[in-house]
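Chemist: Each chain, written out:
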Amino acid sequence: MGGHSVQPGAWPWQVSLRFKGRHFCGGSLISRTWVVSAAHCITSSVTTSTLSIRLGVYQLSEPSPEETSVNVKRIIRNPNYIDVGSMGDISLIELVANVTFTSFILPVCLPTANISFPMGLMCWVTGWGDIGFGVGLSSPQILQEVRMPLIDAKTCDSLYHLQSSIVSSTALVLNDMICAGYKAGGKDSCQGDSGGPLVCAVDEQWFLAGLVSWGDGCGKVNRPGVYTKVAYYVNWIKENAPESEANILNVTFTGTINKDAYLFRNIASGATSIPYVLLILCIVALLIIW
Amino acid sequence: MKKLLLALFTVVYLTSVQSQINLLSLEELGSDIGIQVFNQVVKNKPHENVVISPHGVASVLGMLQLGADGKTKKQLTTAMRYKVNVVGKILKKINKDIKAKKNKDLVNTANAVFANSGFKMEEAFVSKNKEVFHSQVRSVDFQDRNTAASMINQWVKNETKGMIDNLISPELLDSSMTRLIVINALYFKGLWKSQFQPENTKKRTFHGPDGKTYQVPMLAQLSLFRCGPANTPSGLMYKVIELPYHGGSVSMLVALPTDESTPLSAILPHISTKTLQSWMTLNSKRVQLILPKFTVEADADLKEPLRNLGITDMFDSYKANFTRITRAEQVYVSHMLQKAKIEVKEDGTRASAGTTAILIARSSPPWFIVDRSFLFFIRHNPTGAVLFTGQIIKP
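So the sequences go chain by chain: A and B.
full-length UniProt numbering applies: residue 1 is where the first sequence begins, and numbers increase by one.
full-length UniProt numbering applies: residue 1 is where the second sequence begins, and numbers increase by one.
This is chain B alone, in the form it adopts within the complex:
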């Protein structure tokens, strides 16, 4: 029995992109599987900060789908709701669009397949992966697991501009069994369209879910923001605010229940790419935003969450069918991991105040205070792709 070890992985630093495409509910579908995975992940970690990349999850599952056959493939296409072979061109366009060079914000996605030296892969799997996901195929010798791990980690580090280090530990590699590692790295450096003034950042009270309070640095900004109330089908109210990044096509959306006693888990099942789309129709208002400054780095093991969504066979050494990757031996997915990091701080691109006169009325604006557990989504608006999503329980 041979393993197909799959590691998926992601990073953020923060920023944005510019272009208008209107076709694609597809990537929205793509990110939906990622959001569902996120829902599963937080079910088991209700009191932890979590960040994952729905787009990254969809990319890796897409790459695997190309190599799967039979029931393994059926489970993947059912959960994902599209066939990569059918919509490959659109996926390719989306991936290209997300990292378009003309974008002012820096989004880089990189996919790679690390195969054991001598491991024979089907030609179609390699070419299709290259075509749709720009996936590079690299040969490594898993016998020497220290070198193999450091080679993979170096690649990831490069692709994420140093943000993600040590993705894989050598212990995770099984010298005799590991045949293949599939990786998606996503790097995002975003600068806020409208900068937070560092002098306005100060410690404020954050309410933890356990009833405890914490003093944490919070950013403050009086600006026009798209924001407002929304509600779940069952009538639970929550509030949403959009923070655009510099280039105008990537935004961070922050959501939290209106009623302090409502847990995040109550609004989570309702959130899909469609819901995010509906938030974008809220009006812009002048509000005083208070948002915690935070950095989250989180590892997620996606095996159980995916199994819960009906993707089970590919993890099963007997049932897995990856004959489109290789016919030479029986392989299965032993691990599916994701590591993501995000940093939210003041940096933005608006010329510092003082260079131009800005007329601001002195009525007291409504306050939008994010002082308890919240959800965030970093969304590529032209395609609807969700680059990152997370929950912050305590900044």
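The following block holds chain A by itself, in its conformation from the complex:
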């Protein structure tokens, strides 16, 4: 929610998980035969016979010629996942056939295990999920994108304890999670986006930083979306889907990143403009005092 329609082919790794043909979750292509998604998308009724993967999708309601459907050979749910909010909300889906890469169908890069995407880095979430809590995306259901800063698990967990009856010693946002969004809410992923990508661009490469996992409502104040941290599971991915190793790349971050970006949604285009605004205010104040 709070996003807008994408250009066709803008996010070529984005896939749609279909249960008996109906979209229910997102996912990301990480190699010719592997898709990564959330564990909670794989409920007991989702099996190799009921699940199919649709790639190259632009709009859900009106399929385009660039799209293709592939059946599933194997589904691997991370064994640590128990229920909403638990660790390990990640799954791997092996396709029955190699996917042919096109400009609409391409894999995303995975970060190495030691990478920690810094708080404040502006990243993107994409999906066909709801555009508000309980409000479906309207026809033709064009893929949506939204840009938000990352929030580290610790900061995010403290936000989740504001106006909450849950004691602060009970962590909600765990080590294998990362958040994205604003303290003020408004921009977020929502129901139907699960398993889909949270990607960050580093040196013109797009990295899969997170998988849409859970939230409290959508876009609410102090309740940013929570994502499964992909770097935490990259070794697990490598073990189960060795073929994806070619897409695991190291990243180095350069330049300064405003880690408080999540505090400033309402002013102009976000984080970078804030200091200037404050500066001008300071100058004005000084002038008045003097």
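This list has only true hints and no planted wrong ones.
Subject to a maximum C-alpha distance of 27 Å in a straight line, what follows is the list of computed DSSO-like cross-link-like pairs (lysine-lysine):
id	chain 1	residue 1	chain 2	residue 2
1	B	Lys92	B	Lys161
2	B	Lys89	B	Lys74
3	B	Lys128	B	Lys92
4	B	Lys202	B	Lys212
5	B	Lys394	B	Lys293
6	B	Lys74	B	Lys274
7	A	Lys220	B	Lys202
8	B	Lys293	A	Lys220
9	B	Lys293	B	Lys203
10	A	Lys20	A	Lys73
11	A	Lys220	B	Lys203
12	B	Lys74	B	Lys128
13	B	Lys285	A	Lys20
14	A	Lys20	B	Lys239
15	B	Lys212	B	Lys43
16	B	Lys96	B	Lys161
17	B	Lys345	A	Lys220
18	B	Lys203	B	Lys285
19	B	Lys285	A	Lys220
20	B	Lys43	B	Lys303
21	B	Lys274	B	Lys239
If you only want the chain A side, here are some residues facing chain B, beta carbon under 7 Å, derived:
id	residue
22	His40
23	Gln191
24	Gly192
25	Ser194
26	Val212
27	Trp214
So the derived list for chain A, only partly shown, Cβ under 10 Å to chain B, looks like this:
id	residue
28	Gly132
29	Gly215
30	Asp216
Source of the hints: derived by calculation from the structure; they are not laboratory data.
Quick reminder that beta carbons are idealized off the backbone N, C-alpha and C, glycines included.
Since the structure of chain A is already known, use the hints to place chain B on it.
Modeler: Chain B in isolation, oriented as in the chain A frame:
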């Protein structure tokens, strides 16, 4: 020839009750007669919104059964499948249970007999009615029909917290003939256990049976609901969802055919209190529910529906046998009317979101969309009593 004018009447506002009793298939039987009456009513009104109270129908018929004798009584007991005299204690318990004070939701049933001043009633009829149905006996002067109507209407209005107004028009009272009016008023104020957020209510397309579409406000809620598919013995599929009220013992059950082309009338004959009971065994699932916001107020004349069910003699001025009400004169039932109203909106009791963190996965839940004609049942689960049932053709 004297008349016994009978008016039955009901109201809803919405809510629930808490207690666990396990004995009673009886009230289920009781409500069955009401559901059968409902089936008869909608046969003649296939394109109208209808709401009636099966429990109310059963209560009034029960009160009449106590005053009936001979074939009139036989017809009543045959259709109802129980004798009030035999199961009075259980009925009393059920009535008490439905409106138990400890319940968080507000259900109030009130029964009354308005008798003409000077009309001599059998002692046993009065006492038994009081005992089983908590029925009050009040004296009115039907000669002055305006005053009599306004007195009855005021009583009903009070008992239904203002929800039902003007039940009886003075024209319905026959100054020289009316001897008795039997009334059942049922008021129900329910708050949803899980509230619908008003900001999620928006206009959506509702498909009328005539092929026309309407934009109507619809409530939306993503929650755990007991829901799933069911089918009639002939294999027609329909889907059902349960919306519990605040206190946990009253629920609204909504049913609609799975296939858009199947009319409601195709699944109706299959529905009984037993069917409702079987719906309660469906599993709870996280679904996105879309349900029209609606208010229905409907008057129903129950005479023909009851005659169709074999209850004929009591409406016949020559055949009616109410000698257990009075031996002084020959009375019969001239009218049997019911007025019911129900309002379905967002209000619930769950603390507004934001006071506590709720972890919700972001996979897309299945949608349960009620966007065409549907049936609803408001059921007191511990007893199986059906407080209200209705069909909504167009919200």
